[in-house]
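Below are the chains, spelled out letter by letter.
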Amino acid sequence: MPDWLQIIIRSIVFLLLVLVLTRVLGRKVASRMTYFDIVFAMTIGVIAAAISLNLVPIVIGSIALLTWGLLGIGLSFLSLKSKWVRDFIHGREAVVMKDGKIMEDQLMKLRYSPEDLLQQLRSKQIFSVSDVEFAVMESNGEINALLKTNRQPITPKDVGIEVSPSTGVQTVILDGTIMDEALTTMGLNRGWLHTELDKIGVSVDNVFIAQIDTLGDLYLDLFDDVIQIPQASTRQLLLTTLEKAKADCESFSLETNDTTAKQMYQQCAEDLTLIIYDLKPMLK
Amino acid sequence: MTTYAKVKQTLVSLEGAKSTMETLEQITQKAEAAQSLRYNAQKLDVVINRLKKRVQKMEFEEPNYKGF
Numbered sequence: 001m002p003d004w005l006q007i008i009i010r011s012i013v014f015l016l017l018v019l020v021l022t023r024v025l026g027r028k029v030a031s032r033m034t035y036f037d038i039v040f041a042m043t044i045g046v047i048a049a050a051i052s053l054n055l056v057p058i059v060i061g062s063i064a065l066l067t068w069g070l071l072g073i074g075l076s077f078l079s080l081k082s083k084w085v086r087d088f089i090h091g092r093e094a095v096v097m098k099d100g101k102i103m104e105d106q107l108m109k110l111r112y113s114p115e116d117l118l119q120q121l122r123s124k125q126i127f128s129v130s131d132v133e134f135a136v137m138e139s140n141g142e143i144n145a146l147l148k149t150n151r152q153p154i155t156p157k158d159v160g161i162e163v164s165p166s167t168g169v170q171t172v173i174l175d176g177t178i179m180d181e182a183l184t185t186m187g188l189n190r191g192w193l194h195t196e197l198d199k200i201g202v203s204v205d206n207v208f209i210a211q212i213d214t215l216g217d218l219y220l221d222l223f224d225d226v227i228q229i230p231q232a233s234t235r236q237l238l239l240t241t242l243e244k245a246k247a248d249c250e251s252f253s254l255e256t257n258d259t260t261a262k263q264m265y266q267q268c269a270e271d272l273t274l275i276i277y278d279l280k281p282m283l284k
Numbered sequence: 001m002t003t004y005a006k007v008k009q010t011l012v013s014l015e016g017a018k019s020t021m022e023t024l025e026q027i028t029q030k031a032e033a034a035q036s037l038r039y040n041a042q043k044l045d046v047v048i049n050r051l052k053k054r055v056q057k058m059e060f061e062e063p064n065y066k067g068f
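Residue numbers (the working numbering), protein chains in the order written: chain P, 1 to 284; chain W, 1 to 68.
If you are wondering where the hints come from, they were derived from the structure by calculation, not from laboratory data.
Treat the hints loosely; a few may be bogus.
Selected chain P positions facing chain W (Cβ under 8 Å, derived; list incomplete) [claimed, not checked]:
| no. | residue |
| --- | --- |
| 1 | Thr214 |
| 2 | Cys249 |
| 3 | Met282 |
The calculated lysine-lysine pairs, modelled on DSS-like cross-linking and capped at a C-alpha distance of 27 Å, are [unchecked claim]:
| no. | chain 1 | residue 1 | chain 2 | residue 2 |
| --- | --- | --- | --- | --- |
| 4 | W | Lys30 | P | Lys284 |
| 5 | W | Lys30 | W | Lys57 |
| 6 | P | Lys280 | W | Lys8 |
| 7 | P | Lys244 | W | Lys8 |
| 8 | P | Lys262 | W | Lys52 |
| 9 | W | Lys6 | P | Lys280 |
| 10 | W | Lys6 | P | Lys244 |
| 11 | P | Lys280 | P | Lys246 |
| 12 | W | Lys52 | P | Lys199 |
| 13 | P | Lys157 | P | Lys98 |
| 14 | P | Lys148 | P | Lys124 |
| 15 | W | Lys6 | W | Lys30 |
| 16 | P | Lys244 | P | Lys284 |
| 17 | P | Lys244 | W | Lys43 |
| 18 | W | Lys30 | P | Lys157 |
Every residue gets a Cβ at the ideal spot worked out from N, C-alpha and C, and that includes glycine.
Given only the sequences and the hints, what does the whole structure look like? Please build it.
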């Protein structure tokens, strides 16, 4: 057998072997790999490369590869089962900033330079150390920082605004084809979808993407971008109707001379105000 | 437009709003949203009934309005 053919065959065989090994070892994204994971992956790669280039005898190389592979599988199994093994192999997370102060001795222990720390913080859009309250270095060397309370982005909760419960969106039309499964999950059917499309006045073939949210509002993207779709939804319409009725009741209460009727209209307006307040986050 | 017609219009639009709320309650997947819609539809029903009584009273006082 000529050399070149031998190398091709070896390469293919070991490629497949390494493929199987890495599959068995689990799927970790490269950015989430710890130092140990990287060293391990590199060793396997180097051994496989050495074998396929005929740098080591095939039997010895295979033994090394299999030993590393089996050890790796064993260790990853053990580290799943035991916290101690996990900490030993992958290291544990370390607090590098506490109460807004950098823990220098901790950094030293981790062989982490101040520049590295600053760079990591900058990659999280934090340019000033004074903004950080607390920072942790994860076992893969990534730094996660908690901002000081007055530097954190405002959430609806901070402002005291009520928002509607997050809406799970289902895609019901893709590329002009109706997705029956998604429709069924929402408890709707093709009849409903056709009615909604007829209301807007487009055909299914013209729809590129259609999604519905939990309140049954349809979002459409058409192939023909020239067509303008009416955007007013049932929800907005409902809110406007309620608001208009409230204003009407207020004006009735001003117009009438009958005191009981006046009170009744005022009561109605107040009730409507409460209803609007309650539903607004959902209908907006 | 007479006051009678205006009140009646408001009444009808509120009835429409109530049925929209009931439809949304059927469609929505969130239990909390459905509950809130149901509760508010009931509250709206009280308002509708009050307006209905008012309309009836107006019809009684001014029989010639009836039917508009």
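Structure-based check of each hint:
1. Thr214: With a minimum Cβ separation of about 5 Å from chain W (threshold 8 Å), the hint on P:Thr214 holds.
2. Cys249: With Cβ-Cβ at 7 Å, under 8 Å, it holds.
3. Met282: holds (6 Å)
4. W:Lys30 to P:Lys284: Distance of about 16 Å is within 27 Å: holds.
5. W:Lys30 to W:Lys57: violated (41 Å)
6. P:Lys280 to W:Lys8: holds (25 Å)
7. P:Lys244 to W:Lys8: Measuring from Cα to Cα gives roughly 14 Å; hence the hint holds.
8. P:Lys262 to W:Lys52: holds (15 Å)
9. W:Lys6 to P:Lys280: holds (25 Å)
10. W:Lys6 to P:Lys244: Holds - the C-alpha atoms of P:Lys244 and W:Lys6 are around 12 Å apart, at most 27 Å.
11. P:Lys280 to P:Lys246: holds (14 Å)
12. W:Lys52 to P:Lys199: violated (31 Å)
13. P:Lys157 to P:Lys98: Judged against 27 Å, a Cα distance of about 26 Å means the pair holds.
14. P:Lys148 to P:Lys124: The given pair, whose Cα atoms are some 14 Å apart, holds under the 27 Å limit.
15. W:Lys6 to W:Lys30: Distance ~36 Å between W:Lys6 and W:Lys30 Cα, so the pair is violated.
16. P:Lys244 to P:Lys284: This hinted pair holds, its Cα atoms lying about 16 Å apart.
17. P:Lys244 to W:Lys43: Answer holds: P:Lys244 to W:Lys43 is near 17 Å, not above 27 Å.
18. W:Lys30 to P:Lys157: holds (20 Å)
When each numbered hint is compared with the structure, violations occur for hints 5, 12, 15.
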